[in-house]
Structures are given as structure tokens and as C-alpha cells.
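S.K.: Sequence lines, in order, name chains X and A. Here the first sequence stands for residues 12 to 408, numbered as in this note's numbering. Here the second sequence stands for residues 425 to 702, numbered as in this note's numbering.
Derived by calculation from the structure, the hints in this document are not laboratory data. Take the hints with a grain of salt, since some may be wrong.
[Claimed, not checked] Simulated crosslink set (DSS-like; lysine-lysine; CA at most 27 angstroms straight-line):
id : chain 1 : residue 1 : chain 2 : residue 2
1  : X       : K240      : X       : K211
2  : X       : K116      : A       : K618
3  : A       : K618      : X       : K154
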Amino acid sequence: MSKIIVKNLAKIFGEHPEKALKLLKEDFSKDKILKKTGQTVGLFDINFSVNEGEIFVLMGLSGSGKSTMLRCINRLIEPTSGTITIDGEDITSAEPGIIRELRRKKVGMVFQRFALFPHRTVLDNVAYGLEVQGISKAQRREKAMQIVETVGLKGWENSMPDQLSGGMQQRVGLARALANNPDILLMDEAFSALDPLIRKSMQDELLSLQSALNKTIIFVTHDLDEAMKIGDRIALMNDGTIVQIGTAEEILTNPANDYVEKFVEDVDRTKVLTAEGVMKAPDPVVFLKDGPRVALRLMKEHGISSIFVITRERRLAGIVIAEDALQAAKEQKEELKALVIEDVPKVSLDTPLIDIIPTIAETQFPVAVVRDDHTLAGILVKGAVLGGMVRGGGNVD
Amino acid sequence: MLTKLPIGLWVEWIVDWAQIYLAWLFDIITKIIEVLVSSIETVFLAVPPLIIIILMFILVWFVANRKIAIGTAIGLYLIYNMRLWESSIETLALVLASTALALLLGIPLGILSARSDLTHKLIMPLLDFMQTMPAFVYLIPAVLFFGLGQVPGLFATVVFAMPPTIRLTGLGIRQVPVELVEASDAFGATEWQKLTRVQIPLALPTIMAGINQCIMLSLSMVVIAAMIGAGGLGTEVLAGISRLDIAKGFEGGLAIVIMAVILDRVTQSLSEKRKIKI
Numbered sequence: 012m013s014k015i016i017v018k019n020l021a022k023i024f025g026e027h028p029e030k031a032l033k034l035l036k037e038d039f040s041k042d043k044i045l046k047k048t049g050q051t052v053g054l055f056d057i058n059f060s061v062n063e064g065e066i067f068v069l070m071g072l073s074g075s076g077k078s079t080m081l082r083c084i085n086r087l088i089e090p091t092s093g094t095i096t097i098d099g100e101d102i103t104s105a106e107p108g109i110i111r112e113l114r115r116k117k118v119g120m121v122f123q124r125f126a127l128f129p130h131r132t133v134l135d136n137v138a139y140g141l142e143v144q145g146i147s148k149a150q151r152r153e154k155a156m157q158i159v160e161t162v163g164l165k166g167w168e169n170s171m172p173d174q175l176s177g178g179m180q181q182r183v184g185l186a187r188a189l190a191n192n193p194d195i196l197l198m199d200e201a202f203s204a205l206d207p208l209i210r211k212s213m214q215d216e217l218l219s220l221q222s223a224l225n226k227t228i229i230f231v232t233h234d235l236d237e238a239m240k241i242g243d244r245i246a247l248m249n250d251g252t253i254v255q256i257g258t259a260e261e262i263l264t265n266p267a268n269d270y271v272e273k274f275v276e277d278v279d280r281t282k283v284l285t286a287e288g289v290m291k292a293p294d295p296v297v298f299l300k301d302g303p304r305v306a307l308r309l310m311k312e313h314g315i316s317s318i319f320v321i322t323r324e325r326r327l328a329g330i331v332i333a334e335d336a337l338q339a340a341k342e343q344k345e346e347l348k349a350l351v352i353e354d355v356p357k358v359s360l361d362t363p364l365i366d367i368i369p370t371i372a373e374t375q376f377p378v379a380v381v382r383d384d385h386t387l388a389g390i391l392v393k394g395a396v397l398g399g400m401v402r403g404g405g406n407v408d
Numbered sequence: 425m426l427t428k429l430p431i432g433l434w435v436e437w438i439v440d441w442a443q444i445y446l447a448w449l450f451d452i453i454t455k456i457i458e459v460l461v462s463s464i465e466t467v468f469l470a471v472p473p474l475i476i477i478i479l480m481f482i483l484v485w486f487v488a489n490r491k492i493a494i495g496t497a498i499g500l501y502l503i504y505n506m507r508l509w510e511s512s513i514e515t516l517a518l519v520l521a522s523t524a525l526a527l528l529l530g531i532p533l534g535i536l537s538a539r540s541d542l543t544h545k546l547i548m549p550l551l552d553f554m555q556t557m558p559a560f561v562y563l564i565p566a567v568l569f570f571g572l573g574q575v576p577g578l579f580a581t582v583v584f585a586m587p588p589t590i591r592l593t594g595l596g597i598r599q600v601p602v603e604l605v606e607a608s609d610a611f612g613a614t615e616w617q618k619l620t621r622v623q624i625p626l627a628l629p630t631i632m633a634g635i636n637q638c639i640m641l642s643l644s645m646v647v648i649a650a651m652i653g654a655g656g657l658g659t660e661v662l663a664g665i666s667r668l669d670i671a672k673g674f675e676g677g678l679a680i681v682i683m684a685v686i687l688d689r690v691t692q693s694l695s696e697k698r699k700i701k702i
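Could you build all of it, start to finish, from the sequences and the hints given here?
M.R.: Here it is, written out as C-alpha cells:
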């Protein structure tokens, strides 16, 4: 179900937005509009929806409009036209009182440079959202304390923010946003100000928190690796509008235009592409019930020296190599079972390339890709894996 | 050349008009100020000077440090020794009363000017005017409205000492980092909650600097106000000038310096304590 739906959203900065809107409809470029009307187009033609429980990443370089877009969702910035619907309610036309309620109960926000209140302790920072709701001191402190523990800051609740490291400060920021128990979390470059190691561990922690809390998260970042790591889906923004929406793999393997292609050029593909993306179809395979002769013939036809063996239910039984099959054929044996080498390298569909590389380097056989029920989904050969790293996948044959 | 514009005359008319039609208001203000100043004086004069010196020593040690406390005690004893105790208390009462009034008016105005650009644009030139107009000029309408004595002195002092309070309060609030204001908004705080829980606490060091300025300016103006009979140490200095009595003039001046230094150090250490890294 769509939690948030954004339709035809535009944001014009300036005194006369209506002039710019009119020109936008006539397909004028941003530069021309600025020259003609003096109005800056911040966002235009934005359409997307975010599913409940999804991590949706708004990704783009600085000035692409991603932070502006994020702030439209809790109306820290007023959109000029278009609608944003949260849980079926249009918030673009809502009264200030309703927006305040929305910010208090439904939408939490985490900021790039933490934006902690320097005159308040960790606990009072976390309790701020509860405080403005008028919740009693004892109650809000108890609740804040729970969240402080959840983010692993127990023992620091009475410290001041400037006594904490960057990573810890952002935990406080996260805790402050979670304290109101909102459905939606807006995270504005939340980890960009942290150094790389801390950033990585915060990303991991966010993912594990998310698996427990199941919030709807909109995450703004300029870091493509971060976007691909934590985003269920990514909206790539450029110059005030969205150029492509999709999963990390879709964007990598199927860039919508030259801009996206250039953008994803430097991504470490081995972390994003999975076995599924580079495997080839499981063909040929031989069934366990077939004899050595069938196996031998198939290998000969395809010019290969080994072949995977599957059961009737298409489960992986193992592999048979050409010499063994030849030997068995000479000895007139009908059973394939005795020849099957069961200990073969295998990986699951979502194993990233980076984890496949060591396996494939060590083995003399192709690597089997199996589903959760052990059925054979595909085969990885060295050439295809290397090709995937360079070209960005697609099923290589 | 054009004939001379009668600007001075216009102001005179306004003052005349106010004198006639606002007399009731000036009477009320006079009563309030008289009570305020005289009760401060009464309290301080009721306690023997040596006890006040000891109490001040302890108090200053508490809010500032030992060094300033010792200096305070020595300075106050010197004033007592110069037989200027009563004049100094009169001056102190005027300074405290006018500072209190200046803050009462100035801090809300400062907050207002920080929150609305229109108010800011209206208030700033007025503040420039108030601060650059020679202080003596305020004495004339003050006398016309309130006669001679402490009340017109206090009126002129408030006008003169208020601008830095307004300015620095406004500045302090405007300097609160945008992201903190945004964070406050993002959690659904009302304007009042944002002001009292985020903006004012974070602007406090700057506001305290404004209060310090206000006290210092009050002290300097209170001395000038002696010319219209405000009393206190200024009277000693004036007497020194008119009689060319170097000894009297210097002693009066020295007492003023001592008070200024004490008030400055104490308010400064108060604002130091409030400093927060942003």
C-alpha cells in the first residue's frame, strides 16, 4: 500500500511563482525561466509513491532538489503546486494545526548535521518532541529513556551533545525522531557528516532497526553506494526533477538516460549486483534418473567438461565430470548416482558478486545458484561474473 | 535658499502637547518610579554598610570568583571610606531601576524585531537615532514632562540605555542556527515553544551581553542626569566641576569607576556561565 503519494509537485522560489509555473507548462528550461521571470525552479514534475515499510532513497548531487523535496513532505518548505498525500490525506492544503499534529505524531526527522539542541541533555533532546506535545515530565523521560537504550546510548542520557562523538550525536538525532513513534522517518543526509567507518556501521544499524520497527523511511543522500546499500528503491534526482526510479539493480543494469549511466559509472558493482543478475540459465543439466551416456552426450554437445545433476523436483544433486562419465560408460554402468560429486560450490540468488568472487576463484567447477528450496536457479561461470563486474550485468550467455 | 524648516519648533509643539494632554500619564509614571527607586534605596540604606560589603563579597564570590570578590570588597570599602556611601546607593538605585525598566521594554522589543522583518526595519533607525543623539538632549523633554529630580533622570537613562538591549536580544535570536529552528519546527513545536525552549535559551549569552551594556550605559547616563537633580555620585562630580574642586571631583569620579567595574565584572561572569557551544 502506498503510504505517501507525491503528484505533479513543483516548488518555485521567488515572489511570483505563478509566472514560472506557466512557463514550466510550456516546457521552458529552468535557466530560461530564471532569466525571464527571476524565479528559481526548485522542483518540478515530481511524481512518486512510497510504500509502507519501505526505505525510499532520494538521491542526487547537491542542488538537485532532494532536500527540498524531503522538506515538502512535512511542509518545512511549502510546495508551490501539486499534491502530497499521506495515508490518503492531502497535506498540501492542510491547516497549520493539522501540519503540527502531523509533525508531532506521524513524521519524524533526522538532520545532516544532527541539529541537536546544545543546551539540553541527551535525554531532554530525545524528549523534545514529547515535550512539545505536552506530555508530563515523568512520562516523557521514561519513554525517551527507552529509546535512548534502543539506540545504544544508555549511560549517556545526562551528557550534553557536545560531549558525544559524531556517531553518537546522530544516534541521539535518530532517537529524537523515533521518540514520538512516527510511522514515517525523514532522514536528510543523516550519515553524510560521519566518517566512513562510523557511517557504515550506522547504515547497518539503521537496517537492523528498520527490520524491527518497520517504518516508512525517506532517506536523502548524495552517496550512491549508501543509496544502493540501504534503499529498497531509489529515485535519482537531477536539476529539480526525478530522472529514474527503481531498485539499485534496475538503475545499474538499465539506466534511463546518459545522465544516470554516467552517474552510476563509478559504483562498485560487485556490491550491488547479485548472483541472480549475472547467472546463466541452468542449461544443460542432467537428471539423476538419466544414465552416464546422456550426461556424456550433453557435455559433448555443449563442449563442457562437467555437468550439474538435478533430481526430479529440480533440486541440485551435484555435479558429474566428463572423465567419470566416460569411465562409467565404458564399464556399461547405467546408474549416474555413483558418479555424482555432491560437494559442489553453491550460492543463493541474492549473494552479492563480491562474496561470489572468492568461491569462484577457488573451484574448478562452475558455481551453482540455488533457491531457498535447493532447486537449481542458474549457473555461474567465471566469464559471466567478470563480465558482470565490467558491464553491469544483464544475463550473460 | 529655502527658508529654515522649523524642525525644532515642531518638536517643541509635540512636547507642549504631550505636557498638557498626557500629564495624567506622566503623573502615574512618576509615582511608580518614585516608589521603585526609593524602595531600593531604603533597603540598601537600612543595612549597615559593612554588612553590605560582606554580603557583596560572598555574593560576588559565588557568581564570579575570589579575585573579583576581593576587588569588590576593597572597592566598596574605599567608597565607604571616602564618605560617598549614600550617594553611591542613590546612584545604584537609579541604575538598577532604569536597567530593570529598560530590560522590561527592550527584551520584548528585541524579540519582536528578530521575529518580524518589518518591525526590524522600523526599530533599527529609531535605535540609531536614540544612540547617536547626544545624551544631554534627552534631559530637556524629561524635565518638561517630569520636572526636576530622580524621575526625569531615570526617564532619560532608560531611553539612552535601552537600544543595546533591543539590538543584542534581536541579534542573539537571529543568530540561532537555522537547522535548530528547523528541528524545533519539524517536531511540531508552536511558535511560543520554539521561542522559549530553543531560541531564547540559545540567545542567552548575547542577551546577557546586552544586559551588561545596558547597565554600563545606565551608569554613565545617571551621572549626566545629576544635571537635572537626579542626585547620587553625579552630584558630587558636578559640584567638583562647578567649584573647580579637584579633590571632590576625583573622589566622585573614582566611586563611579569602582561601581562600573564591579557591575561589569559581575554581569560578565554571569553571562560567561551561560555560554554554550553551538
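S.K.: Are there hints from earlier that the structure breaks, and if so, what are their numbers?
M.R.: No hint contradicted; all consistent.
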